[in-house]
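Protein chains: 2
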Amino acid sequence: MTTLPAHYDKIDQTLANTLRLLAVDAVQEANSGHPGLPLGVADFVSVLWTRFLKHDPAQPEWPDRDRFVLSAGHGSALLYSLLHLFGYPLPLDELKRFRQLGAITAGHPEYDPALGIELTTGPLGQGISSAVGMALAERWLAQRFNRPGFTLVDHTTWVLASDGDLMEGVSSEAASLAGHWGLGKLIVLYDDNHISIDGNTQVSFTEDVLQRFSSYGWHISRVDGHDMAAVDTAIRTAQAETQRPSIIACRTQIGFGSPMVNTAKVHGSPLGPAGVRATKEALGFPADEKFYVPAAVRPRIAQALRPGAQARAHWQAQLQAYRQAHPQLAAQWDEQISGKLPAGWQNSLPDFSNQKPMATRATSGQVIAALTPILPTLVGGSADLSGSNKTNPPNQQTINRQNYHGNYIHYGVREHAMGAIMNGLAVHNLRPFGGTFLVFSDYLRGAIRLAALMKLPVIYIFTHDSIGVGEDGPTHQPIEHVTSLRLIPGLVTLRPADGNETAKAWQVALERQGPTALILTRQALPQMTAKNNGLHRGAYILQDSATSRPDIVLIASGSEVALAMEAAQTLQAQNIQARVVSMPSWELFDAQEAAYRAQVLPADVPKLAIEAGAGLGWRRYVGLDGAVLSIDSFGASGPGSAVFAKFGFTVENIIAMVRQLLA
Amino acid sequence: MTTLPAHYDKIDQTLANTLRLLAVDAVQEANSGHPGLPLGVADFVSVLWTRFLKHDPAQPEWPDRDRFVLSAGHGSALLYSLLHLFGYPLPLDELKRFRQLGAITAGHPEYDPALGIELTTGPLGQGISSAVGMALAERWLAQRFNRPGFTLVDHTTWVLASDGDLMEGVSSEAASLAGHWGLGKLIVLYDDNHISIDGNTQVSFTEDVLQRFSSYGWHISRVDGHDMAAVDTAIRTAQAETQRPSIIACRTQIGFGSPMVNTAKVHGSPLGPAGVRATKEALGFPADEKFYVPAAVRPRIAQALRPGAQARAHWQAQLQAYRQAHPQLAAQWDEQISGKLPAGWQNSLPDFSNQKPMATRATSGQVIAALTPILPTLVGGSADLSGSNKTNPPNQQTINRQNYHGNYIHYGVREHAMGAIMNGLAVHNLRPFGGTFLVFSDYLRGAIRLAALMKLPVIYIFTHDSIGVGEDGPTHQPIEHVTSLRLIPGLVTLRPADGNETAKAWQVALERQGPTALILTRQALPQMTAKNNGLHRGAYILQDSATSRPDIVLIASGSEVALAMEAAQTLQAQNIQARVVSMPSWELFDAQEAAYRAQVLPADVPKLAIEAGAGLGWRRYVGLDGAVLSIDSFGASGPGSAVFAKFGFTVENIIAMVRQLLA
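From first to last, the protein sequence lines are chains A and B.
Sequential numbering from 8 applies to the first sequence in the working numbering.
Sequential numbering from 8 applies to the second sequence in the working numbering.
Hints listed in this document are in silico derivations from the structure and should not be mistaken for laboratory results.
All values reported here derive from a predicted model rather than from experimental measurement.
All the given hints hold, so there is nothing to weed out.
The list treats identical chains as one, so a pair stands whether inside a single copy or across any two.
When the alpha-carbon atoms are kept at most 27 Å apart in a straight line, the in silico DSSO-like pairs for lysine-lysine are as follows:
| # | residue 1 | residue 2 |
| --- | --- | --- |
| 1 | K363 | K272 |
| 2 | K103 | K297 |
| 3 | K653 | K103 |
| 4 | K538 | K347 |
Using the sequences and the accompanying hints, generate a full structural model.
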């Protein structure tokens, strides 16, 4: 598809050096940043961007563009230089404001597809792992929408990864899955520079990386990352391999062209005025020019962009024809691209009123069963706990290399990759959800945080949410986890009390622009709430006192709501009037108006919060004069009911606490 | 060293089946647990325990025993059966109380070396990763203490790992390091049963595991896990390989002997009465007997234990001779085994009074420099951020395969493995500390939690602790992290305000029995506190108001203490009397007596808490009528001071908040 020759000339070299020095100048101007990677990778990245990358800066969000993921996010100056040079809406002034407050050229790339930034990256290992999800989504979309004569989806996901990306465990997990899935259109360019921050990679990274990727089922190759023609050939070979993902180890010199070449120091420190000057001289650029773009590179870039623009035009014409040939599919395509769910989907949410007691993981499973047939983008999965998390729908169609367009993913025991891959699915407008035990939410926090930063509507199904886990004991009993999830900005944590709250929680999660954690029980809970309950307000009066003013407000979440209801009944028999507030979400409640909050939790009534987890944070709802029934130590192994009793989660203890509070 | 023949007979088979059925009965009795693994692995585990494992149940904690790590902790019933059968202090009654409240036979093994439980395991991937640390510690101790003619330390670390262990990224990270370090005395028996919870491993785990381990530099082999003689040979071959860790893939049938053999269901569900009966019949055991131990196995076990007892006796005799030949080393050995630090080490802590402003990561570096020469067990490291974390001491001796007895570990960009490996070092009484950026504490929470469960004195050096990180932006700016660490039971989180608090924090950390997180700044802070400051009390009055009763209490931690001090000065000029409380640790403050707490934070004085992180949790110190200056969104990329100003961390804003509070 390229109109540029496969041979490389002096202009190509100048273009690569232009990228190098734009990045160097940006870093120097900011007096902060990472010049080493841009200097090292510019040659092979130039090859990719001039000869292979299918994109059109005039329409950055064209759906079938290739994706370029800078997994080594610290090389952001390179990405911004590329985007600027290739005509994305990133003006030179923004490059000059690199790393300044309010600039679009943040220290690490921040997800903005309209600008050509496909993922937020920086935490190593995440970009490459999410790219696995992106490449999987590409195949999913291709199988869903492509028809004979119509290839709506057919693009490559390219990743620039560093040593650090490949040392992180999350990328090992994701790479194993990429090999398992045979993602032939995933191509990783590995900046194999033998240097990490602590020095030569010999100090800690002596494994045979390519052999490892081969063991995952990847196609591997090795090339001199400064030899453009060789890189070109390696990429063509990788493209020709359609059944396996490819990794090309591009041997480079970090800080190429600078006096600090091949040192760890050049990784993350500006070169300094003298270093910048020396680098410009070494690369044959005018030493006194800043942000200099030689005239010769402009036509080369224009030429490089032509095939992408043509491909995009061709694609759009094709889409028009597709609308004629496959109107229903075309409508689905529009819906897919818009990220919207089919109108009225909420009507399919089940009603659990008057049903038998069920674990909220089970009611969640019923919601999934109800929604999967009508929400085509819903793609579930579990880190090898499908039966426990109740994540798999009755019509489970496992996604694998024989069938990409399924609705279920077996992630294996790889929680962190699950999180990162879901981020990759979400940027393609799939609606992923994935399960594990709540206690193992710790394993994927890195990925959750990025979902929150990118505002991706990923749904986490965290089951076995308390000491109610029982016999599996402290290693499997979450204590600190619900609240430590509440702490993540932009994540909404929902701990429903029964089936109807579970259904509402799913509704909130699916309607959000941002990630949501559903916190679900292992054990059965009675059905107490109405279909039209107040979960979406974060907290609401589930049952008020018989008197106009309650003596006590019992606040509880999840499995403890039933306990609070039981306690309220006993209290009433003792002439103590209790209001029961179900509080599935702090985040949603805090977002309510003050008047509503004051109505639910009146200032002048004593309050007891009940939650089988860490107590930290509850004080802002019960005040210093209220009380909190919580667990601030590790749990214990034993039958769930015995463990609950051991930690004081009994009606008797609640009564005693209320009496002490009122005394 | 064995007196048992290398060939295997009917009694060996009976012994293996005894283990199988003890485990099956325990699970059935509890009506909870995991029979699949014990049934599957009993044959090869019997080979290990009868022919190879060097141990002496009469002295479970003999320092030079082999370590057996059940990384697949869900197979606890097998471990308890082994411990019971081989004479550890685990009576049959406890086996019958499997998974009951208060039993020593918890759902997953809980660290108790006196009982023969070398690690708390259950969360997959952790055991094998910590075992890497244990095997490294073994080499470290060997090099430190062994002398010609005296081999005090020479034992093998054995690991039983499952598919799940090997899918987890943390084990990939740790295995790469084990290969890098050439840990020849680490031998992993991989229960290669082709089944995980979601079904056949073909659904998600199709990589070539052994090729992967080969790429890490491991010795690999494959064997029929039910063929005892073949397992014996494979283990001998692994033992003969001294320069590389070994992994032996033992092909087994999960649930061997039961009607549910080779199914996922047998993994985690009791067999049921009929299933138990059928299994006993299939294995030739009396169907009506429970917890049955055939008479023939007792002498076989006694015989199997003889070499271990002899080795232990020989070792103790050797130690006596060592005391004569190397009295100084012997004294160090005793200290090492006791886990105590040399008396008076605290005297070496530096005094930072009147020194220039420094980042607390830098003052921490000076503490490390001062302590490393006098604390022989201190072993530092970093996940490839040594220069940033200031973790490496001036006399850095890198631990590698040429020199195990160093004081510094380059973990590479592998935070999770760092955490798990430190746990392994700590069970051998090394005093590990390891650094990364605070924002990446998320990556190792799984390992931190286990350190807390095991009460291991691991020290985490988490630097770049706030938006003060500056230009690197939101992906690198911690917001929720300090408080989410505070949430972990048993972990103490310390955020010192300057050099002297940093020194005190190190003292607290080194004197604790349990893990400690040091939260340190990137940016310089003025020296404000006395050498004899109150950090150990969690919070203390750093500067009181001129009046006897303050108008306002400013509470701050870490870098915000200096800001509070500055604000107090400005307030005084405005005739508002402020007390400044430095609060480096919630956990330590909460442990103080009520009177002290009330003295520091008087109930009737308005309070403003200042911390550049999530505000959640501060209400319990400032009350509902106090105020909190915090950050409850993600940060921003820009120079640190600009970012601080953007989020209101300025004297002006504090004054405004105080005025509003007092209005």
